[in-house]
Amino acid sequence: MKKPASSWRLLLVAAVALALIAMALGVAACGGSGSSGGSTSSSMADTAVGAGATFPYPLYSKWGSDYAATGAGKINYQGIGSGGGISAVTNGTVDFGGSDAPLSADDLSTAGLVQWPQCVGGVVPVVNISGITDGQLKLNADVLAKIYNGQITTWNDAAITALNPGVNLPSTKISVVHRSDSSGTTWIFTNYLQAAAPGVWKAGADKTVSWPVGVGGKGNDGVAASVKQLSGSIGYVEYAYAKQSSMVTVQMQNKDGVYVKPSLETFASAASQADWKGSLPSMYLVLVNQPGKDTWPITGASFILMQKNQGDAGRAQAALAFFDWAFKNGATSAQSLDYVPIPKSVYSLIQKDVWKDITVSGTPVWQQ
Amino acid sequence: MSTQTEYLAGPAGPRDAAKAATRGRLRLGDPIFRVIATICGLIVAVSMFGLTAVLIVDSWPAITGVGAKMLTTVAWEPSQGQYGALAALVGTALSTIVAMVIAVPLALVIALLLVELVHPTVGRVVGTAIEMLAAIPSIIFGMVGLFVVVPWLQATVVPWLLNTPLGKVPGIKPGPSFAGGGLSVLTAGIVLAFMVLPFITAVSRDVLRMVPQVTKEAGYGMGSTTWEVLRKISLRYANSGIVGAIFIGLGRALGETMAVAFIIGSVYNVLPHSLLDPGTTIASLIANTFSEATSKLDVAALIELGLILFLITLAFQVLAQIWLRRVQRTTGGRA
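In order, the protein sequences belong to chains Z and H.
Mind the numbering: the first sequence is residues 1 to 368 in our numbering, read in order.
Mind the numbering: the second sequence is residues 1 to 335 in our numbering, read in order.
Treat the hints as calculated values from the structure; they're not laboratory data.
Nothing here was measured: the structure is a model prediction, and the numbers come from that model.
Treat the hints with caution; some may be incorrect.
[As the list claims (entries may be wrong)] DSS-like mimics (lysine-lysine), calculated; alpha carbons at most 25 Å apart, straight line:
{"id": "1", "chain 1": "Z", "residue 1": "173", "chain 2": "H", "residue 2": "173"}
{"id": "2", "chain 1": "Z", "residue 1": "308", "chain 2": "Z", "residue 2": "74"}
{"id": "3", "chain 1": "Z", "residue 1": "293", "chain 2": "Z", "residue 2": "277"}
{"id": "4", "chain 1": "Z", "residue 1": "173", "chain 2": "H", "residue 2": "168"}
{"id": "5", "chain 1": "H", "residue 1": "296", "chain 2": "Z", "residue 2": "308"}
The following block holds chain H by itself, in its conformation from the complex (with noise of 0.2 Å):
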């Protein structure tokens, strides 16, 4: 180019230079690419929008025929006309809970454990086995919870449960629809959190390694013990990594479909009134009675459930990012 044109041309800027660097080949690369990613990333937007909307339109009949009630009607009974969400719902929400409330401190804990307090080799022997249990499928959870937890707290845990007083507790003392303690909310709850465990782990381990040394060093200068730098300096560092961890763990508890199937006691009439009671949870009645739903109301009833729950999970991912913010801006921005 003359020095005229480049005058006019205004300052340069990083694409100029790379149109100067690299004058007399094809500069097709860039543009193409970024078309291709641009049609990937729109891809992946349509197909959510399109899901969304596919979910609504084939729900539609459930919608306007079975209203508000499915929210409020208990018992799931398609045979009676009757279409209640309610237990499913409250299932979902006691087997979750349950997972969170046992792998949270877990996987923190391990997560601790691993990035400060043992040697580097254990660190990485340990980490790859929780990485490990993350690949294991779920229906494997499913089998090992059916045949080893499942027995162990019916003859065990639930009766020594119940002799002792917290046997009385209500949420733990046993509601109308108990059928010994098996297949109970419980275990759901309890193999999920062995579900969840490995990916708030991993994601945890991961951003507690990127606390810098230094400040962990200042802190120790200062005269802090290890404990108050895990709690005061790196878990705060960390605490919007871990908080997003948390929801990608809550994410999966709430959809897993088959392991919870086999465990649950499948009871879709009855509240579960304690964590001993059978019940059911949203994705496993889906995948329960979907291949017998008959008629267009069956079915759109069973896709109206299956949008409560993608709702539900949309709703977790929005307040997720409420949250995280809110943490940035308190903590200085640190994503």
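One chain only, chain Z, in its complex shape (with noise of 0.2 Å):
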């Protein structure tokens, strides 16, 4: 009698030839990533690959596609938070990291990292109300703490309506808006709040708070789309989202008592106060609540990080290139945006000192 075919047969043959199909695939994958990611340069440059705070990216954006068009070479960039460009550099996933929130000293050793200020930009409050218009509402910290808090709950509240005299403000409730993800901004913003509203702002300063009240956006882009959806709402942006977008902005009481509106020259002025010189070599600064009658009180620094140690020198070296093009042609552009350059002053002092940590295999990379 012949035997039936057996099903169990069929199903060890193919198990047995599956086995061996995965055995195969995994020598030829292994084999193939033995050799690390970068080879060493040709001729042509590569291009350098960033991540990081949504803060800086339109300026990088520009300058990125600047750059590409002198030829010099090409630089990708992507806005994923302050928080994921700490992360993806200190992983090595990607060259050089974008973040607001400076490192501290000890951090950055821990991570193996340098950081310098790439550009200075102000965070400013965005309102959706109706009948307001660009720069017409006055706010001070105080009152913006306690928006924040959940302690006032509607435009029209005597706080407000205290520093608005003759303003016409709807009884709306307030929909507070904040950053839904790990976020640089959120830090200069809540550094501020702490420095200046410290008896009401009790949440702390850091990229994530817990947040007493408020809605979150994702990236600096998603709090402007919702603040522009919500009627009666308020958030934090970069300035260059709010000018892009036409988003109506407040003025802000600076630390001499002054309400100034955002703009270059109140960034600037809060900018030439920073001792960047004092804060090497860790470069860590916080540029918030800056005395002088001009200044923009929500003013923060941009860091770029990139790793001590480099694997590649051809991919640092394209990185480092893109950064001394921008600090010595980017200026004009930078202000176009309103984004405060970094002074010539200052840029020589972080190719020196900085920049001399950045090595491979114990080479600076950098060669001035």
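Fit chain to chain and form the complex, with the hints in mind.
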């Protein structure tokens, strides 16, 4: 009698075949990835890849296209939030990270990174209130903190009308918008609330905080979109986002008691107070609540972080060449987008004292 | 073959007939195809088990480190060392329930309409339109939700709703985290309903079409109204297919990520007390916070969230199978 075809035998044959295929693929993959990701650069420049804060994204994106137009090389920058940028550069998945929240000297040495400021910009509160136009509403740190605490809930609250005599504020409920992701913009904003309204703001200053009220938007663009869609809302974004989307910004009272509008001049006034030399080597500096009658109180620098020990000299060189170009030739583009460029006195310091720590096998990548 | 061996070989079966018919030709086609097909099936099974294994292994630091507290703590705040999935779980449940409550009756009525009540041409055109709705990428739903549904709810619907007596009903009365009602669980539920509607409608329509004409005619012949035929014959006949369709829609609603991330408000530290409160879902929480998960525990906790979602979906699939089997037994085994 002929034995009926056994389905178990079929299964066994198939499983053995599958195992062989899997092993073959595994060996091929391991062999292929044995050599690390980067190869030594050829005569064509590598593309440097970066990710991080959405705060400077409009500026880096403009610089990137201008730099590519010169033909010297290309960079690629993705806005994923400061927290994402710090993790990505620490894990080595990108060549440089962008963060508005600088790391402390200890965190820098634990992660093996260096950081330096690449530009300075302003964080502005934006509102969506019927009848209120750009630059009309006046707020101060105390009121702003109370709004973000949920203590002031309607736009015609006595505290707000006291600062805005003659302005017709509706009784709409305030919808608070903040960031849902880990953000350097949040770090700058909460640092300001903590510095200027310490009695009111208790939620701390960090890239993410436990927000007492409000909804979250993803990225500066998410907050801008949410504020535009929700009537009666307030949010905080980097100034370029507010300007590009023609949003309604507010005047803030600075440390000297003067109400100022956000602009390149008021940001520059804050930036000029920064003691970058004294902050070396970590360059950790908080620029909020600076003195000066023309100073915008919610100003911050955006930092670039890079690994000290680079694996690929070509990519590191490409990144540093881009930043060198941006320091020397990027000032006009920066100012056109209302970012304050880093002055020559500071960037020569950066190139001399900070970039020397970026090395490949002990030799500094950046040759002056 | 000689008569003797044919006799000894036993009764002829289909394989023997095929062997006889293809004598002289290469007969490897069938076995090779069977092996390849079995390999493909194994790949799927192995991937499924492999995925579950990877999820469990990678989330192990969080399962041991955070433990059962993850399911009972409300707030998700890794920077404060708090890993609570309860807000996300409640948000997922609420938005899915809202979506199914809106989508299922609508889908059934549309399917019945298309199959029974309208001219076949109209039925084909509307049916195609609904199938095209299924092909729209989910991020488009998110964008339309953010630019159209959100401002409309915030400016028009919610203020009106809060002025009516319905505004005092618990579940609609705004809770402590109320933010205007535009970015809320309700908005997410509405947009999810429109994403889920085409799947349920399409499958229900196909299943309803398969109800035998004879049975329906018997009903009409005995004097039933259209509604009685629809309810007692068509729907009962198509019951298990419709239940299957609903579970497909449920699976999509549970796992929808980017569309929900735009419009649900991303509030991770407070439970939504009403439909008008903002919240978060498991999928959108992972999408928003994954890129900056720094420490091993952060990453493991997020993967554990993914594992929880995976297990919830699996549980619903198992429930669906049990229910379908029970329905098959009572209605006489119609698959």
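Task: Earlier hints that do not hold, by number - done: Violated hints: none at all, because every hint is consistent with the structure.
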